[in-house]
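Q: Here are the chains, one letter per residue:
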Amino acid sequence: MQTKIRIENLTVRYSDGTESLRGISLELYANQINVLFGPSGGGKSTLLRTLNRLNDQADVVTQTGRVLLDDEDIMAPGYDVIRLRRRVGIVFARPVPLPMTIYQNITYGLELAGIRDRQRLDTAAERSLKQAALWDEVGNRLHDPAHALSGGQQQRLCLARSLALQPEVILLDEPTSGLDPISTGKVEQTLQDLKATYTIVIVPHSIQQAARVADWAAFFLQGELVECGPRDQMFTNPSDKRTDEYITGRFG
Amino acid sequence: MFNRQITQRIAFLLISLAAVLVILPIFAIIGYVVAEGIGAVSWEFLTAMPRNGMREGGLLPAIVGTLLLTLGTGMIAVPIGVGAAIYLAEYAGDNTLTRAIRIAIINLAGIPSVVYGLFGLGLFVIFLRFGTSILAGSLTLGIMTLPVIISTAEEALRAVPQEFRLVSVSLGGTRWQTIRRVVIPQALPGIITGIILGLERAAGETAPILFTVAAFFLPRLPSSILDQTMALPYHLFVISTQVPGMPVQIQYGTALVLLVFVLSMNVLATLIRRHYRKQRVW
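Heads up: the protein sequence lines correspond to chains A and B, in order. First residue of the first sequence? That's 70 in this note's numbering, and the numbers climb one at a time after it. First residue of the second sequence? That's 7 in this note's numbering, and the numbers climb one at a time after it.
Note that these hints are calculated values from the structure, not bench results. Since this is a predicted model, take the numbers as computed values, not measurements. Heads up, some of the hints might be wrong.
[To be verified] Label-pair ranges, simulated between beta-carbon atoms:
#  : chain 1 : residue 1 : chain 2 : residue 2 : range
1  : A       : Arg189    : B       : Met81     : 37 to 47 Å
2  : B       : Leu194    : A       : Asp139    : 37 to 47 Å
3  : A       : Glu206    : B       : Ile29     : 46 to 56 Å
4  : A       : Lys199    : B       : Trp182    : 44 to 54 Å
5  : A       : Ala127    : B       : Glu161    : 22 to 32 Å
6  : A       : Pro214    : B       : Ile29     : 16 to 26 Å
7  : B       : His281    : A       : Asp128    : 33 to 43 Å
8  : A       : Glu206    : B       : Arg10     : 56 to 66 Å
9  : B       : Asn272    : A       : Glu88     : 21 to 31 Å
10 : A       : Asp139    : B       : Tyr93     : 31 to 41 Å
11 : B       : Arg279    : A       : Arg152    : 56 to 66 Å
12 : B       : Ala110    : A       : Glu88     : 19 to 29 Å
13 : A       : Glu206    : B       : Gln285    : 18 to 28 Å
14 : B       : Val266    : A       : Ala127    : 47 to 57 Å
[Stated by the list, open to error] Here are a few chain B residues that sit away from chain A, every Cβ distance over 10 Å (derived from the structure):
#  : residue
15 : Ala24
16 : Ala95
17 : Ser119
18 : Val173
[What the hints assert, rightly or not] Some chain A residues close to chain B (C-beta under 10 Å, calculated; not the full set):
#  : residue
19 : Asn121
20 : Leu123
21 : Leu211
22 : Asp213
For each residue, glycine too, the CB sits at the ideal point set by N, CA and C.
Start from the sequences and build out the full structure, keeping to the hints where you can.
A: Quick look at the structure:
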């Protein structure tokens, strides 16, 4: 298996003094669904947002350690953050369609990158909507406002919007937390199809989802990485007592 | 028990009365001005030059003057005001500089308009040698209008959900791309409303134009921004206090024209706000 992202001894502190992540070292693999799970407040979202430097937007005071994407240190001074965010897309817990049409949402990132060619934009819109399993539902009304879609459709739109940039890595932060089981199933199925092309890093919204979708899983507790490994080992025979207690529902 | 209910009734009565008292003066003022002035308003009144020491003829130079001053005020206050609001809402952190800017804006809003007039006279008319001119008047009114535009525009920008910014940045947007493509379009109705309300105040002000632009009697249209001009508020002041034998109807007719000018801007602002609020998705 090929390592896509290597995290080395990463510590993140917020300006209010809270330490969000402590000495994390972890590898995330290409063409796998990498799951980061654990009780809330464990630093999973912070870790996701470190991977495309969205923490730059937040009150992060210190970040030490290294994050290597294809052996490039993305935290190095002068690193092209804009390019990084095109390579590492993110889908948030709450679907936030931009106040535009479905089509404009999809092509937004491409237009920011300076792509104006209508043909290319059209192709990208169709391809990414198909990848996100939304084309059949919205293909004939691309110019409707995006907020008119249902919650599940909006979330797949947000996924398609990230895919339109043809990123290498897709980060998903509890992408199905607000969705019904059917929509959740569609999103999970989509992820299984996508992993052939992309590196997927997901924070699942439940332990059941973690066990369903994971190829690899990492268990986080209060800012620390407890253990990580392939799915079968993590969910049937974890080596750490705390992981075992969490997956069997004794806390969390 | 009985006493408490009585107290409740009385309190309710008093606050309802207070609420009604708010709408009373606006109807009274408009009603009175319309009743007294409508007879003077005619096509000639709106389109002719004043004659016979302003006792006859029309208001054309004053109407054009007020229009030009409003336009000039906008050209000065809108770019600076909206720019400052974007800086404050989107870029500025909380530091000594931005705190100083905010205190300056609050104080700017509290300065009496006649002081602006005097300041405009000193700086623009005399020191910068613009003379008594539309340019000097617009600059003075522009500075006076800045705090209104800055604070309403900043509020409108801050009302745009933070999530939109995060999404845009996560899709590889720079801060400026995010502001230009997402934030400003969403804040635009609020910004426009603030601009109109600010300009409306400027259009009705007398003191700031008194020393900087307004002509007592100038029955021709201005030909350059360095010309003086008549303007409705000052003209109203002049014909109400400085001209003996002035027909009362013309005074109220002038007040009516000014009132319609200002109120129609107000209505426009309301319509814009309502139109966009219906389309808003957040």
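Q: Holds or violated: the 33 to 43 Å window for the beta-carbon distance between B/His281 and A/Asp128?
A: holds, 38 Å
Q: Is the gap between the beta carbons of A/Ala127 and B/Glu161 within 22 to 32 Å?
A: Holds: the Cβ-Cβ distance is about 23 Å, inside 22 to 32 Å.
Q: Would you say the C-beta atoms of B/Arg279 and A/Arg152 sit inside 56 to 66 Å of each other?
A: violated, 40 Å
Q: Is the interface hint satisfied for A/Leu211? The criterion is a beta-carbon contact with chain B at less than 10 Å.
A: violated, 17 Å
Q: So B/Ser119 supposedly isn't at the interface. Is its beta-carbon more than 10 Å from every beta-carbon in chain A?
A: The assertion about B/Ser119 holds, with a minimum of 39 Å to chain A.
Q: A/Leu123 was flagged as interface toward chain B. Is the shortest Cβ-Cβ separation under 10 Å?
A: Where the cut-off is 10 Å and the nearest Cβ of chain B is about 6 Å from A/Leu123, the hint holds.
Q: Quick check on the hint: A/Asp213 CB to chain B CB, less than 10 Å?
A: Status violated, d = 12 Å.
Q: Does the no-contact call for B/Val173 survive, Cβ to all of chain A over 10 Å?
A: violated, 5 Å
Q: Does the Cβ-Cβ separation between B/Leu194 and A/Asp139 fall within 37 to 47 Å?
A: holds, 41 Å
Q: Looking only at beta-carbon atoms, does the pair A/Glu206, B/Arg10 fall within the given range of 56 to 66 Å?
A: Hint holds: Cβ distance 60 Å, inside 56 to 66 Å.
Q: Evaluate the given range 44 to 54 Å for the C-beta pair formed by A/Lys199 and B/Trp182.
A: violated, 33 Å
Q: Mind checking the hinted window 37 to 47 Å against the Cβ distance between A/Arg189 and B/Met81?
A: holds, 40 Å
Of the hints listed earlier, those the structure fails to meet are numbers 4, 6, 9, 11, 12, 18, 21, 22, in rising order.
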